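Undergrad: Input sequences plus hints: build the corresponding full structure.
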Amino acid sequence: MSGAREEILASIRTALRDAPPEVEVPRGYRSSPPPADLVALFDERVTDYRATVTRCALVDVVEAIRSALGDAARVVVSGDLPYPVDGALDDDLSASELDAVDAVVTTAAVGIAVTGTIVLDHGPGQGRRALSLVPDRHVCVIRDDQIVAGVPDAIARLDPARPQTWISGPSATSDIELDRVEGVHGPRQLHVVVVRED
Amino acid sequence: MSATFVGMPAFPDAARSALADSQLRGNLAHATSTIRGKRAQVVGEVSEWEELRLAGAAIKDNTLHHLDEHLLRLERSLTERGATVHWARDAAEACAIVAGIAQQHGVDEVVKVKSMATQEIELNEFLAEQGIAAWETDLAELIVQLGDDLPSHILVPAIHRNRAEIREIFRAKMPGAPDDLTDNPADLAAAARLHLRQKFLSARMAVSGANFAVADTGTLMVVESEGNGRMCLTLPDILVSVVGIEKVVPSWDDLDVFLQLLPRSSTGERMNPYTSTWTGVTPGDGPQEMHVVLLDNGRTRALADEVGRQALRCIRCSACLNVCPVYERTGGHAYGSVYPGPIGAILNPLLRGVGHDKQLDSLPYASSLCGACFEACPVRIDFPEVLVHLRSKVVDAHRGRAERGVRCTLRAERPVRLGRAPKPEAVAMKAASWALRDAGRLGRLERLAGAAGRLLARVLRRSAPGGRRVLGSLPGPGARWTTARDVPAPPTESFREWWQREGGRS
Chain A
1 MSGAREEILA
11 SIRTALRDAP
21 PEVEVPRGYR
31 SSPPPADLVA
41 LFDERVTDYR
51 ATVTRCALVD
61 VVEAIRSALG
71 DAARVVVSGD
81 LPYPVDGALD
91 DDLSASELDA
101 VDAVVTTAAV
111 GIAVTGTIVL
121 DHGPGQGRRA
131 LSLVPDRHVC
141 VIRDDQIVAG
151 VPDAIARLDP
161 ARPQTWISGP
171 SATSDIELDR
181 VEGVHGPRQL
191 HVVVVRED
Chain B
1 MSATFVGMPA
11 FPDAARSALA
21 DSQLRGNLAH
31 ATSTIRGKRA
41 QVVGEVSEWE
51 ELRLAGAAIK
61 DNTLHHLDEH
71 LLRLERSLTE
81 RGATVHWARD
91 AAEACAIVAG
101 IAQQHGVDEV
111 VKVKSMATQE
121 IELNEFLAEQ
131 GIAAWETDLA
141 ELIVQLGDDL
151 PSHILVPAIH
161 RNRAEIREIF
171 RAKMPGAPDD
181 LTDNPADLAA
191 AARLHLRQKF
201 LSARMAVSGA
211 NFAVADTGTL
221 MVVESEGNGR
231 MCLTLPDILV
241 SVVGIEKVVP
251 SWDDLDVFLQ
261 LLPRSSTGER
271 MNPYTSTWTG
281 VTPGDGPQEM
291 HVVLLDNGRT
301 RALADEVGRQ
311 ALRCIRCSAC
321 LNVCPVYERT
331 GGHAYGSVYP
341 GPIGAILNPL
351 LRGVGHDKQL
361 DSLPYASSLC
371 GACFEACPVR
381 IDFPEVLVHL
391 RSKVVDAHRG
401 RAERGVRCTL
411 RAERPVRLGR
421 APKPEAVAMK
431 AASWALRDAG
441 RLGRLERLAG
451 AAGRLLARVL
461 RRSAPGGRRV
471 LGSLPGPGAR
481 WTTARDVPAP
491 PTESFREWWQ
501 REGGRS
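In order, the protein sequences belong to chains A and B.
Taking the numbering used here, I'd label the letters of the first sequence as residues 1 to 198.
Taking the numbering used here, I'd label the letters of the second sequence as residues 1 to 506.
Keep in mind that the hints are not guaranteed to be accurate.
Label-pair distances were calculated between CB atoms; the ranges are [claimed, not checked]:
id, chain 1, residue 1, chain 2, residue 2, range
1, B, Gln198, A, Thr47, 29 to 39 Å
2, B, Gly26, A, Gly79, 49 to 59 Å
3, A, Val62, B, Gln198, 29 to 39 Å
4, B, Lys173, A, Ala57, 51 to 61 Å
5, B, Ala432, A, Asp48, 58 to 68 Å
In case anyone wonders, no lab produced these hints; they're calculated from the structure.
Note that the structure is predicted; figures quoted are calculated from it, not measured.
Using N, Cα and C, we set each Cβ at its ideal position, and we do this for glycine too.
TA: What follows is the structure, given as structure tokens:
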């Protein structure tokens, strides 16, 4: 199949002999005015997906995490999570061991107000991708200065070289009669804690 | 999926049986009206929506017009990040590459993320022949796979099934499905979660597609809802992604357009629950061996069609299906392809060519040309323009025979028996051209028609609103045309006769 590459490229070049010149891409959408209160909008839009949002001051974050974890007995965190979580397991678990864990606590890289999205780039505090996927409850702590207005702001802030997971609400499906139902393969409960940096 | 679309009848015949299925029509009407409402609401929230559509179309056009350069950049970026790039001219080559990777690792079971490209190349069937089981992990794909059924929608392949039917499929076919399973969608989703969890935890190899492939960085992106995609992209050691060559976008920044357009057009959400991006191999996180199969399979043929190539902008959102009055009534199976609806009506003939297959040739006619698809399309594919263009290509493909065909038809009632019979439109156009070419000939024909009109005026009982006399069903080749239309009776007097009678005065 070594000829496939050359043959495909040659077909493309033949097909494009009459190709028109480049057109300009309108980019006005990148400068549309941001919403007035980003954090309030983020809160509202995340809640719309039937996720839970808690807003707290930095001094109250440990208590907010504890309350978000609720009755979760086995909790896992990445070793570099900047907030203490009592009795949390370190992530040296196999996929099956992770499956026996009730909840995970992570930080995030960016929050998007307009779409109610948290983005993990699996940097410090966030762990590898499986960590925030297999346990059934995900508690995600985000600082209010990490929240941006829209998708273009998030794309501009994020590094494509890192793996990313964009999360908008708990796992859901629209596959039965096109109605959104929460809870398929990813975490069925998503709890977002927004920390005010004073 | 063991069933395939092979041997599907042409669209009008397939549509007729679909229209008779009242359960199907009920399911489709319910689902498409739900999604239309959701889409309208979230699109209405975005004040710059029209500009985003223009931007999406422009980015895709610019990329397609330099596709060779972008693909080479993508190949270089992917290779630098530790992925292996393969090129596949057609379905057979792509399937062989995927199977070869599995066999090389002694894998006899793979988990799959929903992917149109792998549906298109019928990868599951090929892997099954090689003794490799492919598990569809998307809920709707699972419903189709377990039900030994065919997909009927791009986004929701089981849209033709309602909850009660899905419960019956799960109870009959899903190992370990509880006996008291209800038809509550949440319970059905929970049953699927339980069924697939062990597969995810033990799978060594996953197969995915990609919604976008970024040339600059080598980043691939999968947009999904359930988390099955994240499982497949994260837990196994080996990941193979089959990516159509038109999925490439030039730079990471361009995704700020498509991540706004796609979710709102597709599931009618501000954002879909999960989007995963990965750029080659990340040490210690996710698959450590990655392959990307760049697939042509007719895309370069579509690219060569200067009107039709805009169909390659498609981001597979399925908004065109949900707004289409034809799709809503016939469902997806009638289109005989994994790409149904308006996009299927143009993409299938573009990928596979016209003039050699009755079923493909029928697809550009599976439209009323109302244009709702064009309005809904996030990348502004001008469906009516492409449909009309493809209709002309279908007629052209049968031309050449038309000359002889018309002569036969006009000279005698001898039926035309040729390998490729001319299309009735071509025959009619030739006949009209013959009649209109000569004024004397036209006058004689008009007098003949006038006589027929006067005769018919006396015997016709049918009249249209306004009192116009109309003919009933035409005989012969006109019969199908008149099943849903009235043919006006010929006027008793032609315009030229009237003009003459009036002495040229108005």
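Undergrad: Each of the hints needs a verdict: does it hold here or not?
TA: Checked hints:
1. Gln198/B <-> Thr47/A: 29 to 39 Å: 33 Å, holds
2. Gly26/B <-> Gly79/A: 49 to 59 Å: 54 Å, holds
3. Val62/A <-> Gln198/B: 29 to 39 Å: Given range 29 to 39 Å: holds, Cβ gap about 36 Å.
4. Lys173/B <-> Ala57/A: 51 to 61 Å: 53 Å, holds
5. Ala432/B <-> Asp48/A: 58 to 68 Å: Holds, at about 59 Å.
Of the hints listed earlier, there is not a single one the structure fails to meet.
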